[in-house]
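**Q** Residue-level listing of the chains:
2 protein chains.
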Amino acid sequence: MQPLNKNIHAVILAGGTGTRFWPLSRERSPKQMLKIFGEDTMIRQTIKRICGLVSEQNISIVTNERLAFDLNLHLEGIKRRKDDFKIIAESIGRNTAPAIGLAAVYLKKNNPDSIMVVLSSDHSIGNEKAFIDVLKKAIKSAEKGNLVTLGVKPVRPETGYGYIKAGVRNQKSGIRKVEKFTEKPDIKTAQRYLESGNYFWNSGIFVWKVSAILGEIKKYMPLLYSGLLKIEKALATKNERKIIEEVYSELESQSIDYGVLEKSNKVMVAPADIGWCDVGSWTALDDVLPHDDNGNIIKGNVVDIASKDSIIFSSDRLVATIGLKNMVIVDTPDATLVCEKHRAQDVKKIVDELKRRGKEEHLIHKTVERPWGAYTVLECGDRYKIKRLAIKPGGRLSMQLHRHRSEHWVVVSGTARVTKDTEVYDVHPNESTYIPMSTKHRLENIGKVLLQIIEVQNGEYLGEDDIERIDDDYNR
Amino acid sequence: MQPLNKNIHAVILAGGTGTRFWPLSRERSPKQMLKIFGEDTMIRQTIKRICGLVSEQNISIVTNERLAFDLNLHLEGIKRRKDDFKIIAESIGRNTAPAIGLAAVYLKKNNPDSIMVVLSSDHSIGNEKAFIDVLKKAIKSAEKGNLVTLGVKPVRPETGYGYIKAGVRNQKSGIRKVEKFTEKPDIKTAQRYLESGNYFWNSGIFVWKVSAILGEIKKYMPLLYSGLLKIEKALATKNERKIIEEVYSELESQSIDYGVLEKSNKVMVAPADIGWCDVGSWTALDDVLPHDDNGNIIKGNVVDIASKDSIIFSSDRLVATIGLKNMVIVDTPDATLVCEKHRAQDVKKIVDELKRRGKEEHLIHKTVERPWGAYTVLECGDRYKIKRLAIKPGGRLSMQLHRHRSEHWVVVSGTARVTKDTEVYDVHPNESTYIPMSTKHRLENIGKVLLQIIEVQNGEYLGEDDIERIDDDYNR
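In order, the protein sequence lines correspond to chains A and B.
So the first sequence is numbered by our numbering: it starts at 32 and just counts up by one.
So the second sequence is numbered by our numbering: it starts at 32 and just counts up by one.
Wrong hints could be hidden among the right ones.
Claimed, not checked - Quick list of in silico lysine to aspartate or glutamate cross-link-like pairs, EDC-like style, CA-CA up to 20 Å: (1) B/K139 with B/E263; (2) A/K356 with B/D340; (3) B/K418 with A/D304; (4) A/K416 with B/E410; (5) B/K423 with A/D413; (6) B/K418 with A/E462.
Keep in mind that the hints were calculated from the coordinates and are not lab data.
Make a model of the complete structure from these sequences and hints.
**A** Here it is in structure tokens:
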């Protein structure tokens, strides 16, 4: 195998907000962190896919501050070295131009000759070999100073995507000059594009030298560029986070396509027949998952009679369906979606409505991942709350105390090491212990199997924010 | 007010199996015990409705042995005297002819001059005054030895009901001779019936003298009659239950309509304009509940966008619906139904399939009523189970022990009096106690407010049948 080119870096954009795959996605568990397709989550699949071309230490992930901690935790399991997968955190999301610019100044600092491969964290790629092959061609073109975008050959007159019109073709590489970018077309125009053979879907996958993209940002987005210069100076200083926040607070939301690519004359398109799908809504599953004989995609605890062309996902509870046609049903422990397929884009409106009503179902799942494992809320009542805590072997919660609640712990599997004030003792399955209010305590799995604890909280206020951390392995 | 006629008895048939309103109905919580319409359950509404005509002590309810205990419990709250609402238990359901015959021999024993008003426990009656008025007329006719059935004036060409063709009309009472009963018609025939004005829906509400119906059973169903004679002899002896079981094991399923009414020449129909609906499936709700501007019936925690003509019920979890048309969605804590309206009859098939798979979701809800209150299963895991127990003031569980599980109890509201072997002690909110395996124990609410306990069970076997009852207030 060829050694990996040290100059090549992957930048994965992972700031998605988790609205379009609600209720499976949540603000704190967006699409890129879901296992909708196959074995692993989309962002982990994205990383694995690019590892043949880029070393793990050359992979950066751009996300927002809110998600950064959870995302880092999410990638723990596939890290081989401590410095694999750098997380670059934006203070707020401002679309792709600032995200790419920010990543570029980070890369430039370490290696001004870097070539950036910009990827989305939540796209599906059916043909991974073809994907790597086309990226290699794109890299060659990028080395000459071009901005290269991967163009996907249309297979239907899709009106939901932007298109790229391709011009002159390099005979050897097949890469073509871009004549123009076009907005989402109407169905007649899309049909014409499809038939012409010179139009490609804009995949959002880009390859360019850091110096080239920064040069074009300077030319076409001078305000962004001057902000990036400020950030560049602050990198690795104690002001870094503060300056990023200051700069971002003044930036406008802008896509790299609109801000740079539509204006630059250095843009090339690499035709890519890679089984690409951006999985933009529940109905996109029809493009990427297999169907049963009735055209359904059915997963989980489902009993169906005579449904057709429907997507039915259940997590654990029983979902019974009869005679559906072109429907999407998604069941989770705290929320169920029932939607006509052609209205799948409106899921976003449901999420907006939940925010407006101040509900939590748009934000988090009943089960919340933590660095030490996970907890699941089983029931909230008047002055009590019941949780199941699952603590991985070696996992340790922070030393903490609560001002408004006491906690009863019953161990149902594994062995818990409990610190209560100055005492340290072990609690085994079918044993329990009690932590009074305002008492310092800590919980640790010192064993080899999962520690599971049923926690019954009593108190006048039971919010997650009633926690004073005295010491924490995870620096929270 | 007129004193109630002591000879008049109501017999309420309540053997329904809870399939057609699944998942809200379950085998152990059938339709008659649900509050689908308004304030109270259907059987309690049935009882209240008839109380203007019949004294509580003259009301009998025929059900099967499996349901008898729960039904009795269910009616506790509306009893004024200990002997209100006699429960007559069949060993197994054998359709209406045996149920009515059995009730008749019970009534005959106490009062051979009894007049039976036979009611269903799960019908909706919109106009209660008209209902009582027509029953009074029917009673007058029954006193002359007639078998009177209430006939509902059709308002649409319904193909799901049986029809009665009416003949000669009594000028004073409006009651008419029955010419014939007909099976469920096709749509063309139903249209003709509707237009003729001489056809009525067979409501399943009957009035007759005990002696009259037994006489006709003797004539047209001699096998049933000889079985009833055996039961009659055994009534109030120690053999009563055994003989009922023996007789029922040899009876065929038969409706009173087919077995007697279609053959007898004593049958009269009392035209009844009483807002009757048999509420035979989810779609029947469209006849009895109010709709919003889009033709929907929506109850519970629902966020909807642009649905039309749909029935959407949620208990507690969030249900989000988009763009539905003519759908039925029913969400419960452990199961969700999503069904096209015109397939609502197929809900029965789902229940059959669940039985076949050995699932529990057709049988019971997560919350199970008990004489002392209720329990809710919050989670079942490997070797552990979590329940919330809610014990009414004055409620006391049996003295019991378990061979395969120990129990941790955390009190979250109220005060628990706990008996553990020979110890008796009180446990208050935010306190806990532990019951080891094979230890006699009892739980009692000695306070004035609801006692709520979180129970964490540990053990190798956690079935409800691991219980040895040493003493029980409720004779279980």
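**Q** State for each hint whether it applies.
**A** For each hint, the structure was consulted:
no.: 1; hint: B/K139 with B/E263; in the structure: holds, 9 Å
no.: 2; hint: A/K356 with B/D340; in the structure: holds, 16 Å
no.: 3; hint: B/K418 with A/D304; in the structure: violated, 55 Å
no.: 4; hint: A/K416 with B/E410; in the structure: holds, 14 Å
no.: 5; hint: B/K423 with A/D413; in the structure: holds, 17 Å
no.: 6; hint: B/K418 with A/E462; in the structure: holds, 17 Å
Of the hints listed earlier, the one the structure fails to meet is number 3.
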